[in-house]
Amino acid sequence: MNSPKKRDSLVRRITIDERLDDSLIRILVADLKANLKTFGDDPEYWEEEKEFLVRPKDYQGEDYQEAMGMTQANVKKWPWESLYEGQVFLEGRFRGSRNRHAKGTFVVSVKRRNFQCIDRVSRERVKKNYLAALEGGS
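The opening position of the sequence shown corresponds to residue 0 in numbering that gives the first Met the number 0, with each subsequent residue numbered one higher.
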């Protein structure tokens, strides 16, 4: 495995890009751009994605978990077999926005370390962009 390293970024976006077979997954990891206080799933908030190939033994190994900001509880909650293409996680120092009108928005929060699956937010963004493209093409 080409292992992601610990980094300076406060938040990371981790995408399960492709399940190549039962024992190999490609993940994409992007750091949050510097100096942002609020962010969402949109590409404008993220640095260029880096690709990593992961095997079950890597996923369950302490070095990988530490590099990805995961805990044993995270691994139990999202076991290897349950990971699927398109699944998106946020890892780092953040919390959900308290602004109820800012659905799918997150806030950098140095007081709190979090690991959260944000598939629903990601799918809603893709759906919104798709519908906007359809309306614009009419």
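Careful, some of the hints might be misleading.
As the list claims (entries may be wrong) - Below, a list of computed lysine-lysine pairs in the DSBU-like style, where the Cα atoms sit at most 30 Å apart: (1) 32 / 110; (2) 75 / 56; (3) 49 / 110; (4) 32 / 76; (5) 36 / 76; (6) 76 / 110; (7) 75 / 49; (8) 36 / 110; (9) 76 / 56; (10) 56 / 36; (11) 75 / 110; (12) 76 / 49; (13) 32 / 49.
Treat the hints as calculated values from the structure; they're not laboratory data. These numbers come from a predicted model, not from an experiment.
Looking back at the hints listed earlier, which ones does the structure fail to meet?
10
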